[in-house]
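Undergrad: Kindly generate the complete structure, drawing on both the sequences and the hints.
Chain by chain, the residues run as shown.
2 protein chains.
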Amino acid sequence: MALIVQKYGGTSVGSVERIRNVAERVAKFKMLGHQVVVVVSAISGETNRLIALAKEINKDPDPRELDVIVSTGEQVTIALLAMAIKDLGLKAKSYTGWQVPLRTDNAYTKARIEHIDDQAMRADLNSGHVVVVAGFQGIDADNNITTLGRGGSDTTGVALAAALKADECQIYTDVDGVYTTDPRIVPEARKLDTITFEEMLELASLGSKVLQIRAVEFAGKYHIKLRVLSSFEDEGEGTLITFEENSMEQPVISGIAFNRDEAKLTILGVPDKPGVAGLILAPIADANIDVDMIVQNVGHDGTTDFSFTVQRSEMKKAMDVLEIVKGAIGAREVIGADKIAKVSIVGVGMRTHAGIASKMFKALAAENINIQMISTSEIKISVVVEDKYMELAVRALHQAFELDKEPASA
Amino acid sequence: MALIVQKYGGTSVGSVERIRNVAERVAKFKMLGHQVVVVVSAISGETNRLIALAKEINKDPDPRELDVIVSTGEQVTIALLAMAIKDLGLKAKSYTGWQVPLRTDNAYTKARIEHIDDQAMRADLNSGHVVVVAGFQGIDADNNITTLGRGGSDTTGVALAAALKADECQIYTDVDGVYTTDPRIVPEARKLDTITFEEMLELASLGSKVLQIRAVEFAGKYHIKLRVLSSFEDEGEGTLITFEENSMEQPVISGIAFNRDEAKLTILGVPDKPGVAGLILAPIADANIDVDMIVQNVGHDGTTDFSFTVQRSEMKKAMDVLEIVKGAIGAREVIGADKIAKVSIVGVGMRTHAGIASKMFKALAAENINIQMISTSEIKISVVVEDKYMELAVRALHQAFELDKEPASA
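Sequences listed follow chains A and B, in order. Here the first sequence stands for residues 1 to 410, where the numbers follow our numbering. Here the second sequence stands for residues 1 to 410, where the numbers follow our numbering.
Hint data in this document are derived by calculation from the structure and do not stem from the laboratory. The C-beta atom is built at its ideal place from N, Cα and C for all residues, glycine as well. Keep in mind that a hint or two might mislead.
Claimed, not checked - Subject to a maximum C-alpha distance of 25 Å in a straight line, what follows is the list of computed DSS-like cross-link-like pairs (lysine-lysine): (1) A:Lys91 / B:Lys388; (2) A:Lys362 / A:Lys316; (3) A:Lys225 / A:Lys191; (4) B:Lys221 / A:Lys91; (5) A:Lys91 / B:Lys317; (6) B:Lys59 / A:Lys28; (7) B:Lys110 / B:Lys59; (8) A:Lys191 / A:Lys273; (9) A:Lys59 / A:Lys110; (10) B:Lys28 / A:Lys59; (11) B:Lys225 / B:Lys28; (12) B:Lys221 / A:Lys55; (13) A:Lys28 / A:Lys317; (14) B:Lys28 / A:Lys55; (15) A:Lys91 / B:Lys59; (16) B:Lys91 / A:Lys110; (17) B:Lys110 / B:Lys91; (18) B:Lys91 / A:Lys59; (19) A:Lys316 / A:Lys359; (20) B:Lys165 / B:Lys28; (21) A:Lys55 / A:Lys362; (22) A:Lys110 / A:Lys316; (23) A:Lys28 / B:Lys317; (24) B:Lys225 / B:Lys30; (25) B:Lys165 / B:Lys225; (26) B:Lys316 / B:Lys388; (27) A:Lys225 / A:Lys30; (28) B:Lys110 / B:Lys317; (29) A:Lys326 / A:Lys362.
As the list claims (entries may be wrong) - If we take Cβ atoms under 7 Å as the criterion, some of the chain B residues that face chain A in the derived model are: (30) Val16; (31) Met83; (32) Gln99; (33) Ala282; (34) Ile284.
TA: Here it is in structure tokens:
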């Protein structure tokens, strides 16, 4: 007997018929003797409907009250699914975030999980219930309702798996696994049977929509066995996220990620002295804006230019902060650009292979694509290019690294 | 400075525009220096939409999960209203039932309030917030979400007024007060400036839709000053429910109530011996079915017939219980009738006036309306008639007791 956490996204519970299908899948695992905890998102479209309703009152809705509204989406799904599971003759019980309780910090609309009390769920599991938990939501120390931000249901799933020491966390989605890149852009994209945790982390952080990065982080931290599967297919093992690296089978590059949701901010004529990067980024962090890529080049004439990327939706807010920073540090100008895209190649294999970067840059140059920013990590190289070249760049790289072919031993 | 609890029903918050209007009314009272607690229902139609969604999964939805779903309706409204109030420059905070917390028993879909913790609300009121509470919902001792049944938001309003020792509880609705009867049936129906608590209790229990009976009970028990007003008119004092009786100004009859939502159950050939009524009704009560009128006539040949009315929606369930009871007590037959209506005249004045009943029966006889059941209390006479005669009966009684005219002293 194993304890399995299953997470179903909005499309997987997008209709009464689909909710019944999920109930049947859950029942299959329960019948095999497993304990099952199910995490669900809101019915697809529902979160957007609720946000639109809030925006009818105020274009910039109060974050506390927005979370109160938005969290009702998952609350409806858990009850519908619990009913559908009961209809199959099983015991089931729904849990909202506060009923778990799942405690978070108080950063409304993007809260972070701090603690999960497993006592109530454990008692229900032991008495034979399927436990159905609302994803995406929690409560802070003062019992205010919080939400974890878009895609937060993945994080709920993995965090519950960690709290319950589950044997496996299965993320059901509308694709059947993790691909070398998005098949809608590169038809030759290939499904991966396994991917290392580090690669998945990079892919998630780079905008690959299959799994939310915080979910992968959690899985890494607590060593959760994580699997991505399709909720629309009965067969298939999906993609298993592994902690083992086997260089014999490891391809150099595992996948290509891309992201159009960022904006680039540049502050020009920054006095080139120690500590100035901190002076720029501290107010950004204080404003609760997440920064992704950061690039600072060597200065000249005592000044330097400093660039970074943020979520596109936060560009205006970040620009406002930078205008204040500009005055404080005596910089010259602040420039924002939102017509950009980030394209990244990811693979643990690149650690042991030289020339990956130059191969990447050559492939882009061959298509006449100009690179605006470069950032690298041990297993990833990211470039920022003009928005309109994104798809071309992804295709060129997929071909250059022969990702459509089964990897030979590296 | 007074503490005022205001309750707004589903039509009063039926659109974004109306929610803004409510916010403005709340602000008006706040500006006058009062502390304001607002209780809201779900946006009109929303509760029905949610119930229909649940019924897509199962025609007879699991009650616990149904409450989880249905309670989201009010949760959306409180947040929208809190945002709208904030937009007017005031401080406001929404409270779900569990955030209050408002404790109930565990009778899902028709729970009763057991205790309200006023500590959190009180702290917010003292720091200048408008407190916006979800009506209709609470939690039981095990933190399960419960709902109070249809119209439960009135009860929430009055119960909060009691817990907070409010100076007045204002029930805003789509009518401007309590009428002698429903103006849609009798155009001459007249608005009452005051009505006694006892009369209101009878009217509410008899199906007058202005106020929920449990709300009136609560108001009576805790001596809450209760006022019914229109949320669509800025002027008008509505109808005040008073605790004083002034026989000088008291009309004999205050109003006529009617109710089409009941069904009549008769168990024939019941052995006529002590304790048999209890044997019949105890299993009904155990099945959590509320009984309204009860009639047992004198027996003959050692048996008697026993009739009572229940909510029409519970007729089937009650019939099933009675079939079992029939066997247990050796009765002959169980008959159910749902094509009935109850019509009642109410007035504290009838205490001191003889001949009210005979005047009522004569008025009905003059229209050839047959009376199926009669039940009386100190300030009320109810009759059950065939469904199709209901409107005729109401009009005839309204005229017979001259309710269209301002009362002279009694």
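Undergrad: Now tell me if each hint is right for this structure.
TA: These are the hints, each one checked on the structure:
Distance hint between A:Lys91 and B:Lys388 is unfulfilled; the C-alpha atoms sit about 45 Å from each other, more than 25 Å. Taken as a hint, the A:Lys362 and A:Lys316 pair is broken in the structure, with Cα atoms around 34 Å apart against an allowance of 25 Å. With a CA separation close to 19 Å, the supplied pair A:Lys225 and A:Lys191 stays within the 25 Å bound. At most 25 Å may separate the alpha-carbon atoms for a hinted pair to count; B:Lys221 and A:Lys91 exceed this at roughly 41 Å.
Between A:Lys91 and B:Lys317 the CA atoms are separated by roughly 24 Å; this keeps the pair inside 25 Å, and the hint holds. The straight-line distance between the Cα atoms of B:Lys59 and A:Lys28 is roughly 24 Å, inside the 25 Å bound, and the hint therefore holds. Of the pairs offered as hints, the one joining B:Lys110 and B:Lys59 holds, with about 18 Å between alpha carbons and a cut-off of 25 Å not exceeded. With a CA separation close to 48 Å, the supplied pair A:Lys191 and A:Lys273 exceeds the 25 Å bound.
A C-alpha spacing of about 18 Å is found between A:Lys59 and A:Lys110, which places the hinted pair at or below 25 Å, so the restraint holds. Pair hint B:Lys28 plus A:Lys59 holds up; C-alpha atoms about 24 Å apart against a cutoff of 25 Å. Using a Cα cut-off of 25 Å, the hinted pair B:Lys225 and B:Lys28 holds, with the two alpha carbons roughly 20 Å apart. Our distance criterion of 25 Å between C-alpha atoms is broken by B:Lys221 and A:Lys55, whose separation comes to about 42 Å.
Note on A:Lys28 and A:Lys317: the hinted pairing is violated, with a Cα-Cα distance of about 48 Å set against a maximum of 25 Å. In summary, the hint linking B:Lys28 to A:Lys55 is supported, as the alpha carbons are separated by about 24 Å, within the 25 Å threshold. With a C-alpha separation of about 18 Å, the suggested pairing of A:Lys91 with B:Lys59 holds against the 25 Å cut-off. Proximity of B:Lys91 to A:Lys110 is assessed by CA-CA distance (about 23 Å); at most 25 Å being required, the pair is judged to hold.
For the hint pairing B:Lys110 with B:Lys91, the CA-to-CA distance comes to about 33 Å; that exceeds 25 Å, so the pair is violated. Taken as a hint, the B:Lys91 and A:Lys59 pair is honoured in the structure, with Cα atoms around 18 Å apart against an allowance of 25 Å. Taking the CA atoms of A:Lys316 and A:Lys359, the gap is about 36 Å. The hint is violated against a cut of 25 Å. For the suggested pair B:Lys165 and B:Lys28, the alpha carbons sit about 21 Å apart, so the restraint of at most 25 Å is met.
For the suggested pair A:Lys55 and A:Lys362, the alpha carbons sit about 46 Å apart, so the restraint of at most 25 Å is broken. Annotation: proposed proximity of A:Lys110 to A:Lys316 holds, straight-line Cα distance about 18 Å (limit 25 Å). With a C-alpha separation of about 34 Å, the suggested pairing of A:Lys28 with B:Lys317 is violated against the 25 Å cut-off. Proposed proximity of B:Lys225 and B:Lys30 is supported: the alpha carbons are some 19 Å apart, at most 25 Å.
Between B:Lys165 and B:Lys225, the direct Cα distance comes to roughly 10 Å. Compliance with the 25 Å bound is thereby established for this hinted pair. A hinted pair counts as satisfied when its Cα atoms are at most 25 Å apart, and B:Lys316 with B:Lys388 qualifies at roughly 22 Å. About 19 Å separates the Cα atoms of A:Lys225 and A:Lys30, which keeps this hinted pair within 25 Å; it holds. Restraint check: the Cα-Cα separation between B:Lys110 and B:Lys317 comes to about 16 Å, which is no more than 25 Å; the hinted pair holds.
Between A:Lys326 and A:Lys362, the direct Cα distance comes to roughly 37 Å. Violation of the 25 Å bound is thereby established for this hinted pair. The interface hint given for B:Val16 holds, since its Cβ lies 4 Å from the closest Cβ of chain A, which is under the 7 Å cut-off. Nearest Cβ of chain A to the Cβ of B:Met83: about 5 Å, under the 7 Å cut. The hint holds. The beta carbon of B:Gln99 is positioned within 7 Å of a beta carbon in chain A (closest approach about 6 Å), and the interface hint is therefore held.
Of the supplied interface hints, the one on B:Ala282 is violated, with its beta-carbon coming no nearer than about 29 Å to a beta-carbon of chain A, more than 7 Å. This hint is violated: B:Ile284 has a C-beta 26 Å from the nearest C-beta of chain A, more than the 7 Å allowed.
Of the numbered hints given earlier, the model fails hints 1, 2, 4, 8, 12, 13, 17, 19, 21, 23, 29, 33, 34; all others are met.
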